[in-house]
Amino acid sequence: MSGLLVLLPIALFLGGLGLAAFLWSLRSGQYEDMDGAAERILVDDD
Amino acid sequence: MNCCGPEADVALGFNPVAASGPSREEVMLASRPLPGGARQVELSVPGVHCGACIANIEAALGKLDGVEHARVNLSTKRVSVRWLNETGVPPVSEALARLGYESHLFEQGADDKDETLAELIRGLGIAGFAAGNIMLLSVSVWSGATDATRDLFHWISALIALPALAFSGRIFFRSAWGALRNGRTNMDVPISIGILLAFGMSIYDTANSGPHAYFDASASLLFFLLIGRTLDHVMRERARVAVKGLARLAARGATVLQADGASAYLPVQEIEPGMRILLAAGERVPVDAKVIKGRSELDCAIVSGESAPVAVESGAALRAGTLNLTGPLTIEATAKAQDSFLAEMTRLMEAAESGRGGYRRIADRAAALYAPVLHLTAFLTFVAWMIADGNWHQAITIAIAVLIITCPCALGLAVPIVQVAAARRLFENGIMVKDGAAMERLAEIDTVVFDKTGTLTLGRPRLMNAHEIEADALSVAAAIALHSRHPISRVLAETQAGMPTKDWHFDSVDEIPGFGLEARRGADTYRLGRAAWAFDDATSVKGTVLSKNGTELATFAFEDRLRAGAVAAVADLRASGLAVEILSGDHPEAVDAVAKALGIQTFSAGVLPSGKVERLEALKAKGRKVLMVGDGLNDAPALAAAHVSIAPASAADIGRSAADFVFLRESLSAVPLALAASREANRLIRQNLVLAIIYNAVAVPIALFGYVTPLVAALAMSGSSVIVIANGLRLGAGKRSTAKPVANRTNAFPAKEAMAS
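In order, the protein sequence lines correspond to chains D and H.
Just so we're aligned, residue 1 is where the first sequence starts under my numbering, counting upward by one.
Just so we're aligned, residue 1001 is where the second sequence starts under my numbering, counting upward by one.
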């Protein structure tokens, strides 16, 4: 039982971290040009 | 190093105005101010499709004077450009044209962020997080957690489920509430009731240390249903964006001559009757007007369906939307934009569209039958258990279990998953679908009505007697024709494209609007155009000729060219048992010729826009379900009135937005292809609905007798969703083999027709 009290918050925190990262990436427009992002990696920026 | 230009030409090159991008004045009107003295505009550039394109465009635009920022979005094929106010509008479309990319402006407001999609995806993310974590806790409970541990897990589940339901669930609650308030039911009503009751019951049980809680069921239900909802939305949005990116065919503004002699570029909405407008060759008439000065020819194909250019001179009345071809005109506005021809079409369209509002989607029709049965079953279960057992808590638990297990999760996925797969396949073939309902309606049709000009034909003439004309004469004609944008000149110029050109050095080439082209070479005068003018003989009625010093070198015979694949497409449609007819605004002879070539018996010519709508209403009154295929402004009301409609990408703006499907490629084989895909999709949707019913037939008795624990509910729901999704995706995999023959057969024709021209 005492192990659960530690593990549960950790599990939920990590899950929440993933969710927060997803919402952040959504907000910052990272899904607006998926094809472009795939191609841009091949473009040389001087 | 431009890899993509040619393909853009193939897709949209048959539209003569598309080649020249928007003017700087138009760009200015379309741009929006940003804080800090900058302006930003977004242009659609359909030709972009690789990393090199991105690098080229961004580098070239970045070098322009005053441009602060240029960024290509490859997914939406758009470029957004930001520039500083003080330097004026940079020549963006010119720079793009130099690189070989066409650019278009699109409707204002199209660049709004898609809020609904953002909401759906946020909801999906949160529901997914909740469903995953609650499921983990539930698995621990099912594996044997008891007493205080189980209660703790249930409370944590409740804590996660509450905000997720409140946030992600409101999409369904809102829609269900809207339906209930209007006295209807839709799919969202049983969903909302099921989710809310399951949650409420579970809270009660948790508070009383009960063994079962359905938090996992409500969260995963929400998650699955949101997947279906999001896919449906993405499909519609993609088509909307793609269609918005096409060339606009209405004028955004016009050069107005002011009283003091100065000229100003005004937006169309600000043009008042009586204003004088300078209309250059290649511009569209912005509002209804009459000609004051000048002489030219107008392309009315998109407005009236007439295929031949119409000569105009002072005094002639012009309709908004027609294209000025050869000479500059000074015109006087006779109506405001909102009273012009275009606006009249919009009004007819709105009137016609109300007739279609009666269509209810398959999923909603299914839900209308399904929801009352479902709720009645749950209620009767409750009553029966109360009578048999008298334990109200158990009776409610079992009734809710019935609601959860029959909650139309599979139904919610059954329809969108198939339609998304079908829309994707059509998208790959250059066909945009506005929404899923359009596919359902297309599968029901029994009659196809075609417009002629621009739909069955390209609205562009083709040279019929090339083999009778001497090579030299044709070569001279083509060389002269290069100097004009008259449709006939363009065709003549094209005949020599790709051939070794002889260098005819003309001293001068002049276009005489309404007559033709005159070229001088040394002492010789060549004239290409109307016979009466070229021979200086008013009695000649020969059509289009080439003369040298008044003597005939060649006579050209032109005929409007059938759209690629038209013959095969019409044959395909008839073979699948559909009645086919033509409704055209063009002259009877022209319509007759096309009807004969395609083997269509029923046709009417010289039909007005309102006449087209009346004809469709008459067919509808006879119980026919009509597919309308058309492109012009004059077709727009008919497109809106028909049961379902298809327009080519070259169609007028309002026609395109009225149509349910838009095809980007030239070939008319898109019509049978869209029909085949829709019918296939409908078959799969029905299969999926049957699967959902079978699932219920098995699951409901289990629930009725109270054997459904949260574990059974979770397994049953996931199982049925997976089956429905797998069945829906068969459309992508299995369909290719049956679709190919149709496509190949229709593709055999364009090659032949293209060579003949």
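Some clues are possibly wrong.
[Claimed, not checked] Listed next, with one range per pair, are the computed distances between beta-carbon atoms:
(1) H:1718 - D:9: 44 to 52 Å
(2) H:1332 - D:44: 49 to 57 Å
(3) D:9 - H:1064: 49 to 57 Å
(4) H:1709 - D:18: 45 to 53 Å
(5) H:1064 - D:44: 20 to 28 Å
(6) H:1170 - D:17: 22 to 30 Å
(7) D:18 - H:1389: 41 to 49 Å
(8) H:1075 - D:9: 36 to 44 Å
(9) H:1372 - D:9: 43 to 51 Å
Hint data in this document are derived by calculation from the structure and do not stem from the laboratory.
Think of the CB as a built atom: it goes at the ideal place given N, C-alpha and C, for glycine as much as any other residue.
Verification of the supplied hints:
1. H:1718 - D:9: 44 to 52 Å: Once the Cβ atoms are compared, 28 Å apart, the range 44 to 52 Å for residue 9 of chain D and residue 1718 of chain H is violated.
2. H:1332 - D:44: 49 to 57 Å: 56 Å, holds
3. D:9 - H:1064: 49 to 57 Å: Since residue 9 of chain D and residue 1064 of chain H have Cβ atoms about 55 Å apart, the given range 49 to 57 Å holds.
4. H:1709 - D:18: 45 to 53 Å: Since the Cβ atoms of residue 1709 of chain H and residue 18 of chain D sit about 29 Å apart, the hinted range of 45 to 53 Å is violated.
5. H:1064 - D:44: 20 to 28 Å: 21 Å, holds
6. H:1170 - D:17: 22 to 30 Å: About 25 Å separates the Cβ atoms of residue 1170 of chain H and residue 17 of chain D, which means 22 to 30 Å holds.
7. D:18 - H:1389: 41 to 49 Å: This hint holds: roughly 45 Å between Cβ atoms.
8. H:1075 - D:9: 36 to 44 Å: 39 Å, holds
9. H:1372 - D:9: 43 to 51 Å: Given a distance of about 45 Å, which is inside 43 to 51 Å, the answer is holds.
Checked against the numbered hints listed earlier, the structure breaks hints 1, 4; every other hint is satisfied.
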